[in-house]
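Enquirer: Residue numbers are given in our numbering: position 28 of the sequence shown equals residue 28, and the series is strictly consecutive.
One thing to keep in mind: the hints can contain errors.
Pair by pair, the computed Cβ-Cβ distance ranges are [to be verified]: (1) E8 - D137: 32 to 42 Å; (2) T139 - D1: 34 to 44 Å; (3) C4 - T60: 10 to 20 Å; (4) I140 - G107: 34 to 44 Å; (5) N15 - T56: 18 to 28 Å; (6) T135 - D108: 19 to 29 Å.
Quick list of in silico lysine to aspartate or glutamate cross-link-like pairs, DMTMM-like style, CA-CA up to 20 Å [unchecked claim]: (7) K117 - D62; (8) K117 - E141; (9) K117 - D129; (10) K117 - D137.
Everything labelled a hint here was simulated from the structure, so no lab data went into it.
For each residue, glycine too, the CB sits at the ideal point set by N, CA and C.
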Amino acid sequence: DILCDISEDLFAAANDLTLTGTVGGNVVGAGGTITVSGTVDGDLIVAGGTVTVDSTATITGDVLVFSGTTKLLGIVGGKVTVYTGALVLNGPVTGDVIAQTDQVTLGDAATIGGSLKGTVGQPLGIDADGKIAGTIDVTIEASQSSSLGSLGALSNLTALSALSVIYAILTALVMGLLLI
Numbered sequence: 001d002i003l004c005d006i007s008e009d010l011f012a013a014a015n016d017l018t019l020t021g022t023v024g025g026n027v028v029g030a031g032g033t034i035t036v037s038g039t040v041d042g043d044l045i046v047a048g049g050t051v052t053v054d055s056t057a058t059i060t061g062d063v064l065v066f067s068g069t070t071k072l073l074g075i076v077g078g079k080v081t082v083y084t085g086a087l088v089l090n091g092p093v094t095g096d097v098i099a100q101t102d103q104v105t106l107g108d109a110a111t112i113g114g115s116l117k118g119t120v121g122q123p124l125g126i127d128a129d130g131k132i133a134g135t136i137d138v139t140i141e142a143s144q145s146s147s148l149g150s151l152g153a154l155s156n157l158t159a160l161s162a163l164s165v166i167y168a169i170l171t172a173l174v175m176g177l178l179l180i
């Protein structure tokens, strides 16, 4: 658990990673369960089995998540990009939400200042009226369900394996092999 304030970027890995303080930079994390309840004054880049941004959390920058399940309940000041088995959104997002997932759920408190884009395995089944300022550009692919089934395996990540995943992702980003 990270209970204190940190003035710079944070790189962390643990089986259960909980951030309740304020980070004055970006957060790069990996773990089986990742929970953010504090403030990240930058981007949040995480890989884990279950990733939760609590309703008390504020992320001022962008969010990039690789997980089995993603719950975004707090405030996101930038865009959200998720590769996840299931996405639950129940807080405000200033930018676009780009999702490759089997399922998207928008809660009562969810708002998207940009567009909802991506590929999903199931019909949205959501009432987006007044929740999305931009357009909805989502492709439904039945095969998405089976191809994203492997993301469910992320729920069994240990800190070491999650760190390996995030290291590979960051290496690909630096090498320009993964475009976001």
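Enquirer: Against this structure, judge whether each hint is valid.
Expert: Going through the hints against the structure:
no., hint, verdict
1, E8 - D137: 32 to 42 Å, "holds (37 Å)"
2, T139 - D1: 34 to 44 Å, "holds (39 Å)"
3, C4 - T60: 10 to 20 Å, "holds (19 Å)"
4, I140 - G107: 34 to 44 Å, "violated (21 Å)"
5, N15 - T56: 18 to 28 Å, "holds (22 Å)"
6, T135 - D108: 19 to 29 Å, "holds (22 Å)"
7, K117 - D62, "holds (15 Å)"
8, K117 - E141, "holds (13 Å)"
9, K117 - D129, "holds (16 Å)"
10, K117 - D137, "holds (5 Å)"
The structure fails hint 4 only (numbered hints given earlier).
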